[in-house]
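Those protein sequences? They're chains A and B, same order as listed. Heads up: the first sequence is residues 679 to 855, going by my numbering. Heads up: the second sequence is residues 416 to 766, going by my numbering.
Heads up, some of the hints might be wrong.
What the hints assert, rightly or not - Simulated DEER-style distance windows between Cβ atoms: (1) A:Arg712 / B:Trp718: 28 to 38 Å; (2) A:Pro722 / B:Arg585: 47 to 57 Å; (3) A:Pro848 / B:Arg713: 23 to 33 Å; (4) A:Phe741 / B:Leu535: 41 to 51 Å.
Unchecked claim - Quick list of in silico lysine to aspartate or glutamate cross-link-like pairs, DMTMM-like style, CA-CA up to 25 Å: (5) A:Lys719 / B:Glu671; (6) B:Lys423 / B:Asp437; (7) B:Lys666 / A:Glu815; (8) A:Lys719 / B:Glu748.
What the hints assert, rightly or not - In silico negatives: residues of chain A with every beta carbon more than 12 Å from chain B: (9) Ser736; (10) Val737; (11) Pro743; (12) Val768; (13) Asn795; (14) Glu815.
I should point out that these hints are in silico values taken from the structure, not numbers from a laboratory. Glycine residues also receive a C-beta, built at the ideal position from the N, C-alpha and C atoms.
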Amino acid sequence: MHSESAIPRLARRSARLNEVPLLLVRHAHAYQRRDWTGDDKLRPLSANGARQAEGLTSVARKFAPFIKVYSSPYLRCLQTVQPLVQALGVDLKEAVELEEGQSSAAVRLVRSLAGKNVVACTHGDVIAEILVTLADEDRVDLGPNPRQAKGSVWVLDGANGSFTSAQYFPPVLVETV
Amino acid sequence: MPVRDDEKQAAATLALLAQAVDKAGQGLVICDGNGKVVLRNAPARELMNAREGDLLAEKAVEAALGRALAGADHEEILDLYSPTRHTLEIRAFPLGSDGAGKKPSGAVALVDDVSELRRLEAVRRDFVANLSHELKTPLGALSLLAETLDGEEDPDIVTRLTSRVGAEARRFSRLVDDLLDLSRIEAGATGELAPVSLLAVLTETVEAFRDQATTLRIGLELAPVAEDIFVMANRRDLSSAVANLVDNAIKYSEPEGAVRVSVERSDGRAWISVRDQGVGIPRRDQERIFERFYRVDRARSRWTGGTGLGLAIVRHVAAYHGGEVSVESVEGEGSTFRMSVPLATEESSGE
Numbered sequence: 679m680h681s682e683s684a685i686p687r688l689a690r691r692s693a694r695l696n697e698v699p700l701l702l703v704r705h706a707h708a709y710q711r712r713d714w715t716g717d718d719k720l721r722p723l724s725a726n727g728a729r730q731a732e733g734l735t736s737v738a739r740k741f742a743p744f745i746k747v748y749s750s751p752y753l754r755c756l757q758t759v760q761p762l763v764q765a766l767g768v769d770l771k772e773a774v775e776l777e778e779g780q781s782s783a784a785v786r787l788v789r790s791l792a793g794k795n796v797v798a799c800t801h802g803d804v805i806a807e808i809l810v811t812l813a814d815e816d817r818v819d820l821g822p823n824p825r826q827a828k829g830s831v832w833v834l835d836g837a838n839g840s841f842t843s844a845q846y847f848p849p850v851l852v853e854t855v
Numbered sequence: 416m417p418v419r420d421d422e423k424q425a426a427a428t429l430a431l432l433a434q435a436v437d438k439a440g441q442g443l444v445i446c447d448g449n450g451k452v453v454l455r456n457a458p459a460r461e462l463m464n465a466r467e468g469d470l471l472a473e474k475a476v477e478a479a480l481g482r483a484l485a486g487a488d489h490e491e492i493l494d495l496y497s498p499t500r501h502t503l504e505i506r507a508f509p510l511g512s513d514g515a516g517k518k519p520s521g522a523v524a525l526v527d528d529v530s531e532l533r534r535l536e537a538v539r540r541d542f543v544a545n546l547s548h549e550l551k552t553p554l555g556a557l558s559l560l561a562e563t564l565d566g567e568e569d570p571d572i573v574t575r576l577t578s579r580v581g582a583e584a585r586r587f588s589r590l591v592d593d594l595l596d597l598s599r600i601e602a603g604a605t606g607e608l609a610p611v612s613l614l615a616v617l618t619e620t621v622e623a624f625r626d627q628a629t630t631l632r633i634g635l636e637l638a639p640v641a642e643d644i645f646v647m648a649n650r651r652d653l654s655s656a657v658a659n660l661v662d663n664a665i666k667y668s669e670p671e672g673a674v675r676v677s678v679e680r681s682d683g684r685a686w687i688s689v690r691d692q693g694v695g696i697p698r699r700d701q702e703r704i705f706e707r708f709y710r711v712d713r714a715r716s717r718w719t720g721g722t723g724l725g726l727a728i729v730r731h732v733a734a735y736h737g738g739e740v741s742v743e744s745v746e747g748e749g750s751t752f753r754m755s756v757p758l759a760t761e762e763s764s765g766e
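Same shape as in the complex, but just chain B:
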């Protein structure tokens, strides 16, 4: 009979629709005109799975549907702190209302877990605030120094102030360079990885810092390497990461201290270590030093001319190479940074 075919068709369509809404990325709850829930898709069941804290989510969705049944769109953000901290966005709309005062025949609530979005927004906001401050400070310094120089006639003072202007300009330039590097790496514009000789990278880097270390009376050595190790890397970024680690090790060392760079092979990776006998990093800061603009000692960072981005660059370089970076440190005894990079296979190393 045609009617039965129509019913079958409608039931099949409904079943398909129910499956389709289960695949949706957001939670969806539909109620009838009496407020009775008639459909709850899989993400909604998951988001509001009756764990203790989620009873609040369930109640909030019910309330939102109630408001929608009363004829008004509803939108709210719900912060939940238990069992885990997360944030839901709940939006509810009346259904089957002609907009001319007719009671809705149902309502739909859409539920999104916006915790990650919120976290990323907070990270972005912090970054923009930090960046704005970091850019403004050397520019403010230049502005103040320029005003002091204006009309100054004492050549000694002019020389001193000019040198400060130069230092602030170099600091600004380093900051811009590091920002561009970080932004390029974060955008994934890192180019092809190719076999790179670690011995060459480490030797070049250590030699590049030789004069600086000597001036500061800090011993700098590359531990003997029995056999060269080849890694799959972007040579420029790998060199930049190692240079950042060596630069930090020197800056945070005291005179007569020693910085030692070494490399070993283990678990299909090369492990580069940079060890210093410097001031060390308090335990509470060790987790955060790889964050952009996080500084343990702002006064020291000011004198050493750090941009606050060096370790963030190291972390990103290690990550996109498929490696990692970590630190072990004891205050007053020194720090050891270890970075791993996957080895090149024998074929690709061209040996």
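So that you can see chain A by itself, here it is in the shape it has in the complex:
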């Protein structure tokens, strides 16, 4: 039996059968900048971040199979999607459009992926830019108090260069072995 909230969601999905979810992931928790003396692009995930990265696989699995995983080339992003890439056996592509500080290039990339079942992992500032653009231009409803914790996922439903809905999944912690 369907739950009350599932019925309208299923009805909405069936009305837009050609739509495919795209998973927009904020990289998991990393070492603090002040604790890292090397190149910021090589700053790795913290132990907590590693557990979030494992947890991401359990959220993403619900929306699999994916045709590709796109990631900012920064190590903290690559490490966030690494367990998912291995567990689901998906190709990984590094995308400079998803680097920190990107805005319109990142929006263009995500729009070009609308309707493709992919994962895109990037940084907080880029996610804010993408979500606000989609709220403005595509009238996507982000809910009353949108969040984007590290290691969280926004599932964006869309097709043909635009998106119609967005749903937030907070980070899940899974113990690494």
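The hints should help you fit chain B onto chain A, whose structure is shown.
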């Protein structure tokens, strides 16, 4: 004879009653216990005047009376699509029934044309949905940016994000200002109209946008005016309307384009024109750009920081001044907005 007087009195009362129900705003149809219509007031005759689509209304009223005669109240909404689209609300009640199983001795049907009410309800619903989205978006942006800023240590990123927070806050503030303006004007709280020098309003407005136009490399000029023109206006609202038109003209111009503001006198009115050589407005959108929150290009509007209310404000200002606003535009060539305002009489202009 007393009986005859009573009959006369009753007939006179009935005649008065029939006239009175003709004056009612809603259609009223009464039938006897056998379903035979014994009274149909003027609005009912008008609402169900046997035009082709209205046969459906006639049948619906008959059916409603039939149900009422069976002892039950009845209510329905009837959408008609021909000859014109309209919506009727039909309510029917039994008459002369004591509620204890006695057959009604008649029934009454009340018919209202609720088309306009429905249209206004739909406009209101759309407005509330749009408004809610427009208010939520900058607030959502602030929420997302705040979470990104939290714990951020890179000063460059902090500076960039802080600037975005400022931009979203200003956007929210502009939206609230425009909403308050629109709501004040729509509520009719516009104050007295007085003679206003158009030359002063136009000069001030053009000068207020001079820096913005220069930064964007757009030429902005006020066409020479041989003689000042005085109009009956609320100066603040008139300035706000002209400013909205000039602001739009600049925002939708390409670098090296030109915006020209001019005014002429014709038919007892002043006609203010704001012409640009910008991107233009597709024909299909020209009718709708004065609607609240209607945007031709949402991406461009996002970057230019428009609230989606500017042209709605212009339209309302023009309307309450007894003027109008219109647009002529060719895509890729530019747009010309023309707004008219009644001239002040010579006496009231104090000349």
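ask   = proline 743 (chain A): least C-beta distance to chain B exceeds 12 Å?
value = holds, 29 Å
task = Take a quick look at valine 768 (chain A) and tell me if its Cβ sits farther than 12 Å from every Cβ on chain B, holds or violated.
result = Non-interface label on valine 768 (chain A) holds, nearest chain B Cβ at 27 Å vs cutoff 12 Å.
key: Non-interface label on glutamate 815 (chain A), tested against every C-beta of chain B at 12 Å   = Not fine: 4 Å to the nearest Cβ puts glutamate 815 (chain A) too close to chain B.
query = Does 28 to 38 Å hold as the CB distance between arginine 712 (chain A) and tryptophan 718 (chain B), or does it fail?
reply = holds, 35 Å
inquiry  = A range of 47 to 57 Å was offered for this pair. Does it hold for the Cβ distance of proline 722 (chain A) and arginine 585 (chain B)?
reply    = Since the Cβ atoms of proline 722 (chain A) and arginine 585 (chain B) sit about 38 Å apart, the hinted range of 47 to 57 Å is violated.
query = Can the suggested window of 41 to 51 Å be confirmed for the beta-carbon pair phenylalanine 741 (chain A) and leucine 535 (chain B)?
reply = holds, 43 Å
request  = Classify the label on serine 736 (chain A) as holds or violated, using whether its beta-carbon is more than 12 Å from each beta-carbon of chain B.
outcome  = Serine 736 (chain A) is indeed farther than 12 Å from all Cβ atoms of chain B, at 23 Å.
key: 25 Å limit on alpha-carbon distance, applied to hinted pair lysine 666 (chain B) and glutamate 815 (chain A)   = Holds, because 18 Å separates the two Cα atoms, which is no more than 25 Å.
Hint consistency between lysine 423 (chain B) and aspartate 437 (chain B) [alpha-carbon to alpha-carbon, up to 25 Å] = holds, 21 Å
task = Take a quick look at whether lysine 719 (chain A) and glutamate 748 (chain B) sit within 25 Å of each other, Cα to Cα.
result = violated, 47 Å
query = proline 848 (chain A) and arginine 713 (chain B), beta-carbon distance inside 23 to 33 Å?
reply = holds, 29 Å
request  = Just double-check valine 737 (chain A) for me: nearest Cβ-Cβ distance to chain B has to come out over 12 Å.
outcome  = holds, 18 Å
Hints 2, 5, 8 and 14 from the earlier list are contradicted by this structure; the remaining hints agree with it.
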